[in-house]
Amino acid sequence: MRIIIVGLGNPILGDDGVGWRVAEEVSRLSGIPLGDAPLPGLSPPKPDPVTIERYSLAGLSLMERLTGFERVILIDSLNTGWHPQGAVIHFTLADIDDLTYGHSASAHDISLKNALKLGRRMGEPLPADEHIHIVAVEAQHVYDFREELSPCIAEAVPAAAKKVIELLAQMTTRLETETP
Amino acid sequence: MERITIDPITRLEGHGKIDIFLDENGNVANSYFQIPELRGFERFCVGRPVEEMPLLTNRICGVCPEAHHMAAAKAADAVYHVDPPRTAKLLRELLYMAFYCTDHTTHFYALGGPDFIVGPDAPVAERNILGVIHKVGLEIGGKVIQMRKYGHKVVEMIGGRKVHPATAIPGGVTKILSEEERKEIEAMGRWAIDFALFSLQAFNDIVLSNKAYLDLILGDVYYHRTYSMGLVDENNKVNFYDGKVRVVDPDGKEFVKYEPRDYMHHIAEHVEPWTYLKFPYLKNVGWKGFVDGKDSGVYFATPLSRLNAADGMATPRAQEQYEKMYATLGGKPVHHRLAIHWARLIELLYAAEHWVELATDPEITSPNVHKKPTETPTEGVGIVEAPRGTLTHHYWTDEKGLLTKVNLIVGTTNNYAPIQMSTNKAARALIKGGKVNEGLLNMIEMAFRAYDPCFGCATHSLPGQMPLEVTIHNAAGEVQEVLKR
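Sequence order for the protein chains is A and B. The end of the first sequence is residue 174 by this note's numbering, with every number in the run present. The end of the second sequence is residue 515 by this note's numbering, with every number in the run present.
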C-alpha cells in the first residue's frame, strides 16, 4: 500500500502557501524526504511507502498525481470564512458535496471529485473519496504576493502537521493489522 | 434598478463576480464582470535577481506555469542582451508545444466542449467531461488522459521537473536532450497529431453537422467586431513562442506589427472605478468604451484572434483546417466568439505537428544549449502566446541584474474588455422585461469560457471551485432573486 501526502497551494501567495509549510514540517518531523525537488533528469521511481510532495495544482492535474496511491492526505488552505483564522479542519473528500457538477470548478479546471470520477472511469488506480483526507487551515489572506505566512496561520502549522502525522500513524497501523 | 450578481462564493472578498444592473423596464442597463486580481507581484519581485524570474513567475498560477516560464526566460535573455543558441530555442519551443497540446485538450474536452457535445441546454450535472464520455464513448476519455500524460512527460523531460519547468535560464536552457528521450518525444508527438485530427473530426461530426450548434456559433449573441491580436513568424504565420505581435482591424487588414520590446507604444491600459484590474487597449486607436468597431481600441487575444491576425498556419495539416474554418464561417476575419473553440483545435493540430518537426530537427540533441551572458543587464521584454492570450513580461534591472521594476500583461487581461462585452451581450439577450431566462447562467458561462480565462488564484484554496451566483436586484436596489450553482 502506498500513501501520498500533498502540500497544496501557492507558496508565494501569502497564506495560500500554508499547505507547503505544513508538508515541510511533516517531512522534518517524520524524516520522510520531500519528493518534488527539481531533479537533473527524470524523477526516479519512488519505492518508498510514503511520499511527500508539494504542488500548486487542482482538479485534473491533482488527480493525475494521486494515481497509484491508496491513501492520500491533502494539506491546503481553506477559504470559507466559516472558521477562525488558523483553525485546523480535518475531513475526507467523501464528506464534502461536489458543488461543481458542471465545469465551473474554476475557469480552467474541473473539480477534484469530478476529475477522480473521470480517472476511475478510465481505469486509473485511484483511492476512494473516503480515503482522501484533507487537513486544511482556514486562511483569508490568499491574494497577496508574499512568501511569509500571517502570524496566526504560521502558528497553526505545528498543529496541522501533528494532525497529518496522526492520520499517517492510523493509516500505517491499520496497514500492519490488515497485513498478516 | 435591479442588480444581478454572479459571484464565486469561495472567495469572500468580492472579487471575480458579475453584477448585472437592470433598468426600470427590467432590461439590462449594464453589467460588470470583475476578475480576481493578485496583488503586489511587482513589489514582491523588486530586488530579486532577474534569473529567478523564470522560476518565480511560473508560480503565479497553476494553470499556465509553462507560459510564464517561457516569457520570463525570454525577457531575461533580453535583459542580458543574450541570444540563446538555436538548440536552446528549439528545446524551449518543443516543451511549449507539448504544453499547448495539454492545455488546449483540457479546455476543449473538459471545459468548452461539453456545451456543444452534451448540449448547451443539458443539465449542468451532465455538461462536463463525464457527460462527454457518456455521449461519445469511453475511448475519448482515455485519449484525453493519454494526451495529458504525454504532455506532462515532455514538460518533465525538457523542463527537468513535473508541473513547473525549471530549465530555461538567461542565455538558453540547462538540460541537453538525449537521443533516447528525443525518440520517445517524437513518438508521443506523432500520437498527438492523430489525436488532434481525431478531435477536429469529432468537432466536425458533432458540432458542425448540427444545425442548432452552427446557428449558435453564427448567432448574434456571441458576435463582436473588434481588432485581433497574435504573434506571427517572419512569414506572418501563427507562432506561439516567438515573432512579432501583429494586430488586424475588424476588416482583417493589418493595423500594426511590432517588436515585443515596443509593446508600450501600442498598448495602453484603461481604468474603471468598479474593478482593480485594468483594461488593455490599442493606444493608437484609443479607448472609446466597451464597444465594437474600428474606432474602438478593444482587441481580443485568443486562438481565434491569432488565426485572424496571421496569414495562415506554419504546418500543412493545420493550414488545411485553417482554410476550412474560414471557408465555412464566411471568410476572414471571424468575429463569432464561439468559433474560438474551433480555432483552439486547429492550434492543437499545429502544436502537435510542430512538436514532431522540432523533435526531428537534427540540432535538437546538440549539447550547445547555453550562451553565457556577458553584457551588463538593463531592461528587457519577453512575449509569448499563452493559450489564453498574448503574454508580456517586462523587466528592468540595475547593473547587477537585480530587478528594479516589473510589468506583466497576462493572457486573460488582454481579453478583459471583450469578456466584459460578451457577458454583457449575453445578459442583454437573456433578460427582458425583468424576466430572467433560465439559461442565463449557462449562456454567460459560455460567453466568458470561450476566452478560456485564467483566474489562477481562484483554483488554489479549497474547496477549489467557482460556483456561480446571480443576485437580481429590482429597480430600488433590493434583492429580488438569487440564482446559485
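Honestly, the hints are just simulated from the structure, not real lab data. Bear in mind the structure is a predicted one, so any value in this text is a computation, not a measurement. Glycine is no exception: its CB is placed at the ideal position from the N, C-alpha and C atoms. Please note that the accuracy of each hint is not assured.
A few chain B residues facing chain A, derived, Cβ under 10 Å [claimed, not checked]:
(1) C75
(2) G77
(3) K179
(4) V193
Below are the BS3-like pairs computed for lysine-lysine, each with C-alpha atoms no more than 30 Å apart in a straight line [to be verified]:
(5) A/K111 with B/K179
(6) A/K111 with B/K401
(7) B/K119 with B/K267
(8) B/K465 with A/K111
(9) A/K111 with B/K283
(10) B/K401 with B/K183
Worksheet item: Looking back at the hints listed earlier, which ones does the structure fail to meet?
Response: Hints 2, 6, 8 and 9 not satisfied by this model.
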